[in-house]
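Participant: The chain contents come next:
There are 2 protein chains.
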Amino acid sequence: MIEQTIANWHDHLRGKFEGGLDALLHDDCVFYSPVVFTPQRGKEITKMYLNAAGATLGGDEPRPGAQAGSGDEKKGFRYTKEVLAGNQAILEFETEMGGKYINGVDIITCDDDGKIVEFKVMVRPLQAINLLHQQMARMLEKMKG
Amino acid sequence: MIEQTIANWHDHLRGKFEGGLDALLHDDCVFYSPVVFTPQRGKEITKMYLNAAGATLGGDEPRPGAQAGSGDEKKGFRYTKEVLAGNQAILEFETEMGGKYINGVDIITCDDDGKIVEFKVMVRPLQAINLLHQQMARMLEKMKG
Chain A
2 MIEQTIANWH
12 DHLRGKFEGG
22 LDALLHDDCV
32 FYSPVVFTPQ
42 RGKEITKMYL
52 NAAGATLGGD
62 EPRPGAQAGS
72 GDEKKGFRYT
82 KEVLAGNQAI
92 LEFETEMGGK
102 YINGVDIITC
112 DDDGKIVEFK
122 VMVRPLQAIN
132 LLHQQMARML
142 EKMKG
Chain B
2 MIEQTIANWH
12 DHLRGKFEGG
22 LDALLHDDCV
32 FYSPVVFTPQ
42 RGKEITKMYL
52 NAAGATLGGD
62 EPRPGAQAGS
72 GDEKKGFRYT
82 KEVLAGNQAI
92 LEFETEMGGK
102 YINGVDIITC
112 DDDGKIVEFK
122 VMVRPLQAIN
132 LLHQQMARML
142 EKMKG
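Protein sequence lines, in the order shown, are assigned to chains A and B. Start counting the first sequence at 2; every next residue gets the next number (my numbering). Start counting the second sequence at 2; every next residue gets the next number (my numbering).
A hint or two may mislead.
Intra- or inter-copy, both count: the list cannot distinguish identical chains.
[Claimed, not checked] Below, computed lysine-lysine pairings styled on DSSO-like, alpha-carbon distance capped at 30 Å:
1. LYS82 x LYS116
2. LYS82 x LYS145
3. LYS101 x LYS48
4. LYS145 x LYS17
5. LYS82 x LYS48
Hints were generated in silico from the structure; no laboratory data involved.
Work out the full structure, taking the sequences as your base and the hints as a guide.
Facilitator: Right, here's the structure in full:
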């Protein structure tokens, strides 16, 4: 059931899904960060986090918000594994940031209309989380400011 | 295809799977820690890490190695989500350690005989990884010593 949602998500990452995150996310979508315990509730804040993650982790298949031509530091974002069942999808990814390897998962839940109601991210190893923590904080400040 | 392997894994966690990890894991199984980049190769080292994780994270459904009666610090290990497809399984869990919330995933791959060939763990939030890092290091030292 979630297959179409994930196809749309991939199209979105290529900038080819009309309506973008506004069309993909449920109004009450909840985002769970790899760094912070507190759930981030609502479409607007989820969009902000996903755009910041895109700008931070993006690469070969840039997430929206990634700056074109930003060079080596953002190369290589790719999904390496997808497990879909019912209204659940788990997508494993790998990327590099400043030469450091980052391995993570997007854990996505959709409702019966295919809207994303929950988006959770985890990353490993520890060094990657610490780096992501710094970069995301910087990116969120920039987006807010 | 991985369904039987995961059923066996759950039985193992309840101490009810004859043969235990020796029967579940492929000889060339690789373990990927949430903390460390370097893959841990082979059945013996994978067993050591899984037993240490069990002793560290165990609770209501104790992983093997968890000490009975160790009290509050190890309560509440439970799987909250399972997504299985082909030879891939991703199991999300929650637990507490010293009152701190830990949320994680076991990413399990089996071969065509149902043997586990890859076991990867990621956890969130950052506080949980730092805590797990300390506890796992202590537990591994104890098991080696």
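Participant: Now tell me if each hint is right for this structure.
Facilitator: Verification of the supplied hints:
1. LYS82 x LYS116: Answer is both: 22 Å inside a copy and 19 Å across each meet the 30 Å cutoff.
2. LYS82 x LYS145: Cα proximity of LYS82 and LYS145: none, with 33 Å in one copy and 34 Å across.
3. LYS101 x LYS48: both (26 Å within a copy, 28 Å between copies)
4. LYS145 x LYS17: within (26 Å within a copy, 53 Å between copies)
5. LYS82 x LYS48: both (23 Å within a copy, 24 Å between copies)
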